[in-house]
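So the sequence lines, in the order shown, correspond to chains X and P.
Residue numbers 1 to 333, in the working numbering, belong to the letters of the first sequence in order.
Residue numbers 1 to 353, in the working numbering, belong to the letters of the second sequence in order.
Please keep in mind that the hints were generated in silico from the structure rather than gathered at the bench.
Just so you know, even glycine gets a beta-carbon here, dropped at the ideal spot from N, CA and C.
Please note that a few of the clues may not be correct.
[What the hints assert, rightly or not] SDA-like cross-link-like pairs, simulated, lysine to any residue; straight-line CA separation at most 20 Å:
| hint | chain 1 | residue 1 | chain 2 | residue 2 |
| --- | --- | --- | --- | --- |
| 1 | X | 158 | P | 72 |
| 2 | X | 242 | P | 131 |
| 3 | X | 242 | P | 109 |
| 4 | P | 131 | X | 275 |
| 5 | P | 149 | X | 158 |
| 6 | P | 149 | X | 287 |
| 7 | P | 129 | X | 197 |
| 8 | P | 149 | X | 249 |
| 9 | X | 242 | P | 128 |
| 10 | P | 131 | X | 249 |
| 11 | X | 242 | P | 101 |
| 12 | P | 149 | X | 275 |
| 13 | X | 158 | P | 70 |
| 14 | X | 158 | P | 13 |
| 15 | X | 158 | P | 129 |
| 16 | P | 131 | X | 287 |
| 17 | P | 129 | X | 287 |
| 18 | P | 149 | X | 226 |
| 19 | P | 131 | X | 226 |
| 20 | P | 149 | X | 246 |
| 21 | P | 257 | P | 267 |
| 22 | X | 242 | P | 13 |
| 23 | X | 320 | P | 72 |
| 24 | P | 129 | X | 275 |
| 25 | P | 129 | P | 114 |
| 26 | X | 242 | P | 110 |
| 27 | X | 242 | P | 267 |
| 28 | X | 275 | X | 287 |
[As the list claims (entries may be wrong)] If you want the ones that stay clear, here's a sample from chain P, every Cβ over 12 Å from chain X, calculated:
| hint | residue |
| --- | --- |
| 29 | 72 |
| 30 | 77 |
| 31 | 84 |
| 32 | 87 |
| 33 | 105 |
| 34 | 269 |
[Stated by the list, open to error] Here are the simulated distance ranges between beta carbons:
| hint | chain 1 | residue 1 | chain 2 | residue 2 | range |
| --- | --- | --- | --- | --- | --- |
| 35 | X | 320 | P | 60 | 25 to 31 Å |
| 36 | P | 129 | X | 103 | 54 to 60 Å |
| 37 | P | 67 | X | 182 | 32 to 38 Å |
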Amino acid sequence: MDKRGKKIAGTMLYVPGVLLMVLGIIYLPITASMSLAVAAALGGAAMTAAGLYLNHSHKTKTLTARTVRYVLLSLGAVIMMFPFYWMLSSAFKTSAEMNLFPPSMAPNNWFDYGNFVVAFETAPFARYFMNSVIVVLSSVVITAFTTILGAFAFSRLKFPGKEILFSLLLSMMMVPFEILVITNYQTIVKIGLSDTLYALVLPFISSIFYTYILRNFFSSIPDGLYWSARVDGCTNWRYLWKIMVPIGRPALMTIILLNAMASWNSFMWPLLVIKRDTNRTLPFGLYSFTTEVGANNELLMAASSVVVMPMILLFFLARKQIVNGVARGGIKG
Amino acid sequence: MRVEMKGLTKHFGPTKAVNDFSVALDDGELICLLGPSGCGKSTVLNMLAGILPVTGGQIFFDGEDVTALPPEQRGIGLVFQNYALYPHMTVLGNITFPLEIQNVPKDERIRRATQMAHLMHMEKLLDRKPKQLSGGQQQRVAIARALVKNPRLLLLDEPLSNLDARLRLEMREEIRRIQLKTQVTTIFVTHDQEEAMSISDHIVLMKDGYLQQYDKPQELYNEPDNQFVADFLGNPPINNFPGIAGDGHFIMASGAKFLCPGIQRVPQGRAINLAVRSESFVAQEQAAPQHMAAAVESLYQLGKEEMALLEFGGTSFRAYIAYEIGIKPGQTLHLSLKERGVFFFDAATGDRY
């Protein structure tokens, strides 16, 4: 195979691989079917690795070796794609089709969007969607802002206790969210914000981890840039927004995307602080929906398909940044 | 602009980077801050820029005390070794940025940047990003950016170190050309003596945070104030003979001696270094009391002359010998010293007699 061919083949594999991996991660809180999501994530990771290997390896020589590799990878791809195919196809099936045994592989009518209509009439998904968008946008925008300021302070400014303060903040990263939930919950209740959208945003308007990532990026910008600008009369504030933020855009985009994903999929916290139906976000709404529609899996699949869509779109729009971000922040985040 | 430093001192904790540094620089000149790495020359530059606060002493620009003035009020242009261009901006964006900060109207900004680009011979590169430029071109942009706001003083911190040898030669002539054209007082930090010798009006030579000598390049070479200055300048390095001044003679530890003109300046019995430039030896036909009888160790052909590696009184040294003399390794060569390029330095203090 020539180099170009190998590159294309590799790309063909690892793009859906990463897609699957990311979908698996998104999928996780949404479905009750955890094993499927985990399988998708793992399978996606394996495919990604294979794709990357194909892309970079110069050793794929013999035809047999290549054939075996491709057959295995294709098999993996089919297995990994299946849950998503199943979700999507089920969304178009009727209740009767869902209960067939053996199950049918495809719906009778791919254009029958009745399930979507019913799902959206049964539960206020539009409302959930709006809530999710509001929560995600505010938390992402505010977090980006605080992260930029924090990263600037810790990378560029000099102030007493800087090192100690930074170490202290980093040590906070070791505290798992589940422990913070208790104190956060009490705080939110005390200040009277429980069961409001503010409660969903307020605990997430800053992130030590993202600040740490961005600080490292900012620190890699040479001092000369700063002093050239300062000598020309540039203030810290202006330097930050005119020079540092534009240079730090790739890191910032990664942070924003990771944050948006985490925020969109947030499930446990809304479950704790939100009581009213009208304040639910999508993952929580979907969860309640399963109890409300009972065994009507076709409705659930229709709703799930819609809920997953924005993240899939986001993935396609910012594929490169997400791949970088997963690679960079893979340990946590 | 006249730049004057009085007793300038900078300590980093226990490290004394610059010590009691006093020098007055002339207006409109290109001045090199020269010295080995770690001698404090960049520290001096950063204090002039206002990036580093001083520990002690004062800085005057045209007689005005600017020691406490923040960088942006000093009217300086700054160029770094790594160019420090803003990677996300085009060349035009980089050059206009200082004017943008000063709220110069856009037309004016572009007009002045274009004018600058014209001076730097890079009109065609204005739309490029720094990444798309060669090192030399990036350095031109950095200089243009520093000059566009008409600074009173241009500071260059090792601006040529990141360039390859050929480009370095070209850029240093370029910097000289621009400096002569704009007449801006320029201070240029370098550790390359050849660079400093070739382009500067005056050189400030530093060592261990102390000023060694401030002079014209040729004066620095011809009349070094001390041992360090003599050792630092010149290629091949100056030859040093350790010995004692006695009765018109120069006597080495091995007993080798000769009648040395000019040694009368040194008090008798004082331990000194006799420092002789390689071009200050003259080969003589026969032995005489005022001649060094040196053994020829090896020869290097340089075309019009030969570089001889010789030995006298246990010390090896290099000398340029006229080709016609026709010396051979192993023979004894009688050498006299010229008046020029011969110095006596105190062995202990390095001071010149």
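Distance restraint between residue 242 of chain X and residue 101 of chain P, which requires alpha-carbon spacing of 20 Å or less: The hint holds at about 10 Å.
Distance restraint between residue 320 of chain X and residue 72 of chain P, which requires alpha-carbon spacing of 20 Å or less: Roughly 40 Å between the alpha carbons, so the hint for residue 320 of chain X and residue 72 of chain P is violated.
Against the 20 Å threshold, does the CA-CA distance of residue 149 of chain P and residue 158 of chain X hold or violate the hint? violated, 29 Å
Pair hint outcome, residue 275 of chain X versus residue 287 of chain X [Cα-Cα no greater than 20 Å]: holds, 13 Å
Does the structure keep residue 131 of chain P and residue 249 of chain X at a Cα separation of 20 Å or less? holds, 17 Å
Hint consistency between residue 149 of chain P and residue 287 of chain X [alpha-carbon to alpha-carbon, up to 20 Å]: violated, 63 Å
Far enough from chain X: is every CB of that chain over 12 Å from the CB of residue 105 of chain P? holds, 16 Å
Given the hint that residue 129 of chain P pairs with residue 287 of chain X, does the C-alpha gap stay at or below 20 Å? Given that 20 Å is the threshold and the Cα spacing comes to 51 Å, the pair is violated.
Just to be careful, I want the Cα atoms of residue 149 of chain P and residue 246 of chain X compared with a cutoff of 20 Å; is the pair within it? violated, 24 Å
Taken at face value, is the distance from the CA of residue 110 of chain P to the CA of residue 242 of chain X at most 20 Å? This hinted pair holds, its Cα atoms lying about 18 Å apart.
20 Å Cα cutoff - pair residue 257 of chain P, residue 267 of chain P: With a Cα-Cα distance of about 17 Å, the restraint between residue 257 of chain P and residue 267 of chain P holds, given a limit of 20 Å.
Closest CB-CB distance from residue 269 of chain P to chain X, is it above 12 Å? holds, 54 Å
In this structure, the earlier hints numbered 4, 5, 6, 7, 8, 12, 15, 16, 17, 20, 22, 23, 24, 27, 29, 30, 31, 32, 35, 37 are contradicted, and the remaining ones agree with it.
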